[in-house]
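The listed protein sequences correspond, in order, to chains A and B.
First residue of the first sequence: 4, per this note's numbering; consecutive thereafter.
First residue of the second sequence: 4, per this note's numbering; consecutive thereafter.
These are calculated hints, taken from the structure and not from any lab test.
Please note that the accuracy of each hint is not assured.
Simulated restraints on C-beta separations [unchecked claim]:
{"hint": "1", "chain 1": "A", "residue 1": "L61", "chain 2": "B", "residue 2": "T67", "range": "23 to 29 Å"}
{"hint": "2", "chain 1": "A", "residue 1": "Y129", "chain 2": "B", "residue 2": "E40", "range": "24 to 30 Å"}
{"hint": "3", "chain 1": "B", "residue 1": "E10", "chain 2": "A", "residue 2": "T63", "range": "26 to 32 Å"}
{"hint": "4", "chain 1": "A", "residue 1": "D124", "chain 2": "B", "residue 2": "K114", "range": "41 to 47 Å"}
{"hint": "5", "chain 1": "A", "residue 1": "L61", "chain 2": "B", "residue 2": "G69", "range": "17 to 23 Å"}
Beta carbons: idealized from backbone N, C-alpha and C, even for Gly.
2 protein chains.
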Amino acid sequence: MASWLDEIKWNKDGLIPVIVQESNSLKILMHAWMNREALVKTHEDGVAVYWSRSRQSLWTKGETSGHIQKVESISLDCDADTILLTVKQEGGIACHTGRHSCFYRRLVDEKWDITEAIIKDPKEIYQ
Amino acid sequence: MASWLDEIKWNKDGLIPVIVQESNSLKILMHAWMNREALVKTHEDGVAVYWSRSRQSLWTKGETSGHIQKVESISLDCDADTILLTVKQEGGIACHTGRHSCFYRRLVDEKWDITEAIIKDPKEIYQ
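Working from the sequences, and respecting the hints, build out all of it.
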């Protein structure tokens with residue numbers, strides 16, 4: 004009966020790309036993927052759950068690090084093939100490198116410059 | 004010699020997903036895809052060029068509507084498989100429906116509520 008799920012155009016692998024934006028700073032934290040089950044769990048639990056394409060399994064963001072993402076809103080684009088999630092980022096760290104955002108490299112003079120400092124050593128996060 | 008391009012992990016179709024964020028409002032405007040040629044053109048011309056998966060061709064955003072996107076920055080994520088583009092949106096309209104952003108539907112009570120007004124009738128934009 005969840006017709007809102009049927010309005011989504013899942014790709015041929017049954018996935019949809021997800022843009023993750025921090026609700027207070029409006030900063031883009033990461034880009035991930037969800038399948039139907041991940042989106043249902045995210046909506047029901049209010050905590051971001053993604054589909055790991057490398058591990059081929061559901062992945063509750065922060066399950067190891069504690070850096071969970073509390074869902075503020077779930078939006079859909081005009082083509083119904085991308086989700087925008089706004090979240091509160093626990094610990095202020097979304098990236099597995101220990102940085103605030105995964106988008107910490109910026110193109111400057113044909114090189115990817117690192118523009119964000121590591122907040123916490125990954126060895127301390129994932130121990 | 005453009006080694007910055009070789010650092011990118013293109014998917015099996017030679018594409019990378021692109022998050023498009025408005026630089027002044029920090030609003031997410033749209034989600035699109037680029038191939039290597041689109042990214043080179045975007046970088047060189049300073050105007051967003053995407054790869055249209057439906058038309059299988061390069062697509063300069065705004066070529067018909069005039070709503071071009073002037074590039075402010077190009078960033079890459081930790082996995083090197085997503086681009087974040089910040090832009091100045093000409094005309095303040097990124098969506099083909101005539102709205103500011105493509106993400107104009109928000110999940111409320113198991114329904115996708117329309118949260119943004121149409122700024123300009125698409126019939127006037129694409130005539």
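- Do the Cβ positions of Y129 (chain A) and E40 (chain B) conform to the proposed distance bound of 24 to 30 Å? The hint (24 to 30 Å, Cβ to Cβ) is violated, given that Y129 (chain A) and E40 (chain B) are roughly 38 Å apart.
- Pairwise beta carbon distance, E10 (chain B) to T63 (chain A), judged against the given window 26 to 32 Å: holds (30 Å)
- C-beta pair L61 (chain A), T67 (chain B): status relative to the range 23 to 29 Å that was hinted: Given a distance of about 41 Å, which is not inside 23 to 29 Å, the answer is violated.
- Query: Is it true that D124 (chain A) and K114 (chain B) lie within 41 to 47 Å of each other by Cβ?
  - Reply: 44 Å Cβ-Cβ, so the 41 to 47 Å window holds.
- Taking 17 to 23 Å as the hint, is the beta-carbon distance of L61 (chain A) and G69 (chain B) inside that range? Given a distance of about 43 Å, which is not inside 17 to 23 Å, the answer is violated.
Hint compliance for this structure: hints 1, 2, 5 are broken, all remaining hints hold.
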